[in-house]
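If you want the building blocks of each chain, they are given just below.
2 protein chains.
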Amino acid sequence: MAVYTEVSDDEVEKFVAAYDIGAVVALKGIAEGVENSNYLLQTDRGLYILTLYEKRVAKADVPFFLGLMEHAAAKGLPCPTPIAARDGKTLRELHKRPAAIISFLRGMWPKRVLVTHCSQVGEALARLHLAAADFPMRRANALALPGWKQLYQSCRARADEVQPGLAEELGRELEELAARWPRDLPEGVIHADLFPDNVFFMNDKLSGIIDFYFACNEALAYDLGICLNAWCFEKDGALNATKARALVRGYRKTRPVTAEEIEALPILARGSALRFLLTRLYDWLHHPAGAFVQPKDPLEYLKKLRFHRSVKSASAYGL
Amino acid sequence: MAVYTEVSDDEVEKFVAAYDIGAVVALKGIAEGVENSNYLLQTDRGLYILTLYEKRVAKADVPFFLGLMEHAAAKGLPCPTPIAARDGKTLRELHKRPAAIISFLRGMWPKRVLVTHCSQVGEALARLHLAAADFPMRRANALALPGWKQLYQSCRARADEVQPGLAEELGRELEELAARWPRDLPEGVIHADLFPDNVFFMNDKLSGIIDFYFACNEALAYDLGICLNAWCFEKDGALNATKARALVRGYRKTRPVTAEEIEALPILARGSALRFLLTRLYDWLHHPAGAFVQPKDPLEYLKKLRFHRSVKSASAYGL
Chain S
1 MAVYTEVSDD EVEKFVAAYD IGAVVALKGI AEGVENSNYL LQTDRGLYIL
51 TLYEKRVAKA DVPFFLGLME HAAAKGLPCP TPIAARDGKT LRELHKRPAA
101 IISFLRGMWP KRVLVTHCSQ VGEALARLHL AAADFPMRRA NALALPGWKQ
151 LYQSCRARAD EVQPGLAEEL GRELEELAAR WPRDLPEGVI HADLFPDNVF
201 FMNDKLSGII DFYFACNEAL AYDLGICLNA WCFEKDGALN ATKARALVRG
251 YRKTRPVTAE EIEALPILAR GSALRFLLTR LYDWLHHPAG AFVQPKDPLE
301 YLKKLRFHRS VKSASAYGL
Chain E
1 MAVYTEVSDD EVEKFVAAYD IGAVVALKGI AEGVENSNYL LQTDRGLYIL
51 TLYEKRVAKA DVPFFLGLME HAAAKGLPCP TPIAARDGKT LRELHKRPAA
101 IISFLRGMWP KRVLVTHCSQ VGEALARLHL AAADFPMRRA NALALPGWKQ
151 LYQSCRARAD EVQPGLAEEL GRELEELAAR WPRDLPEGVI HADLFPDNVF
201 FMNDKLSGII DFYFACNEAL AYDLGICLNA WCFEKDGALN ATKARALVRG
251 YRKTRPVTAE EIEALPILAR GSALRFLLTR LYDWLHHPAG AFVQPKDPLE
301 YLKKLRFHRS VKSASAYGL
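Protein chains in written order, with the numbering used here: chain S, 1 to 319; chain E, 1 to 319.
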């Protein structure tokens, strides 16, 4: 949650005038997304989201993200659609930053996750994977094994400040994952960050998927591993197998998975737990004093990591 | 700027069902106000602001704030109107906090202050003072001389961390202000925090005044002193006399001021500078690491304070 850049009213008015969406009525910085500055833009024609891409998002990647949203929305996925300006461009510049106006999605993200949310998220995830199958652009996953190693290197010396023994445990984990990481699973474009605050529901029906700014090409089942971690654990750190089953069933209804994908789930979920543990650990150790963003607890993901390490097979997820 | 409380979708839906404003469509935490949690609430009938009153606002004061907004809005002032639920109440409870839904105002606050903004703000301030003249509730100014002394006491020991000599300078300032503070000026309800981010404009016409959460009974001209500090200084710390003149003229057009009020302006502006210096200093020294709110620079107000101390009369403001 963050608004980093304060844009002036003049700048916004000039920016919006390049679009055919009416005149600016109001602009409010909203607490959504941690990588970018997001504003709710009201014009006399409706509501939109104005996004300024901040430093953490590489400028070269923005066309991939906007293109993917456009591609998926055109196939009926409930995701934001980038709005083209009169010159046909969706990616423009505002306050010296890449900027885009995207459509506003109705709904709220679920603070309390229900089983029905999990099964709908699984289904939507599969729909995204299918919709993106013929998306022509590619983006490598910057947060795969080599990225984890880099993060680990820059955290190792201070990791034990967070929990004694953490540096050693993560080092061992990285080695094991590198040795056992599956290589031949079906690949495609994954969302890579489909947490509850990125999925909207209205009356418990999924109404939107947002925040495509980690999307990349990767093993599709890795996205399921991420969702298992993000949706199917209770506050006390225990897996809710009913939710896990609902998630995977929802997914399989729409995209059949191979036996290899199911078999790989524990290691994929373990890798995903390590990925979020490492980025949280990095933010925890490196966030500047007085920063707008409250860093998230890395240890939540240590519990999940240990759980996945302990399971014998995907049957532990209720499958 | 802050959203402190995360309310669940269920809670919000139940809360909104007590009102006759339609069903919840979306809810976004917005970066507005530092004392409360503010959300933009979209229902199928329109946009509203949902405010949760956090600890820094005394629960006993909320009826004063809501009543004042209602009173002023009924007299045509462009300020938010609290919406009554079906039971007639405007003040309710959500997530164990006092909460209210208020009307949404169009417009944006000016990041770059123009002379026309100053004259319109002066006029709106006078309109507020007149509109509130028959408002029956009272609230003491918690940030008058005794409050400043308290803040000073809790900052004195560490004030020199911010600038060497600051503790001594502020101590002397407090003594002088206590000795010379005017006592017999016309009093009434003042806004007490009418900074640019609390005033909206559309096409450079004032469209809204928000954030009444410091309003209190006080010398009316003190509010002018606050606005002089908030609107009429340039980034380099120098007073812009054209803006100051426009502000006071805009005010006088609507509410004639006495000779005593004009004469008192330098000392009132000085007191107001000290007030914001002290609260900023307090926040600077006491804000928790990792807090959502970036503390504002207290020294900006030391410059203003010194300027007002140096002036011989209100003619320094271009009057």
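These are calculated hints, taken from the structure and not from any lab test.
One or more hints might be untrue.
Because identical chains share one entry, a pair is satisfied inside a single copy or across any pair of copies.
Computed cross-link-like contacts, DSSO-like style, restricted to lysine-lysine with a CA-CA straight-line distance of at most 30 Å [what the hints assert, rightly or not]: (1) LYS111 with LYS89; (2) LYS89 with LYS296; (3) LYS96 with LYS111; (4) LYS235 with LYS55; (5) LYS96 with LYS205; (6) LYS89 with LYS235.
Note that the structure is a prediction, hence the values are computed from the model and not measured.
- Between LYS111 and LYS89, at a C-alpha cutoff of 30 Å, which is it: within one copy, between copies, both, or neither? Result: close only across copies, 27 Å inter versus 36 Å intra.
- Item | Up to 30 Å CA-CA - LYS55 versus LYS235, copy category | Classified as between; 26 Å across copies, 32 Å inside a copy.
- Using 30 Å as the alpha-carbon threshold, which applies to LYS89 and LYS235: within, between, both, or neither? neither (44 Å within a copy, 36 Å between copies)
- Message: I want to check one pair: LYS89 and LYS296. Are their C-alpha atoms no more than 30 Å apart within a copy, between two copies, both, or neither?
- Response: For LYS89 and LYS296, neither the intra-copy (36 Å) nor the inter-copy (38 Å) Cα distance is at most 30 Å.
- 30 Å Cα threshold - placement of LYS205 relative to LYS96: Classified as between: cross-chain Cα gap 27 Å, same-chain 38 Å, threshold 30 Å.
- Query: Should LYS96 paired with LYS111 be assigned to within, between, both, or neither, using CA atoms and 30 Å as the limit?
  - Reply: between (35 Å within a copy, 17 Å between copies)
Checked against the numbered hints given earlier, the structure breaks hints 2, 6 and satisfies all the rest.
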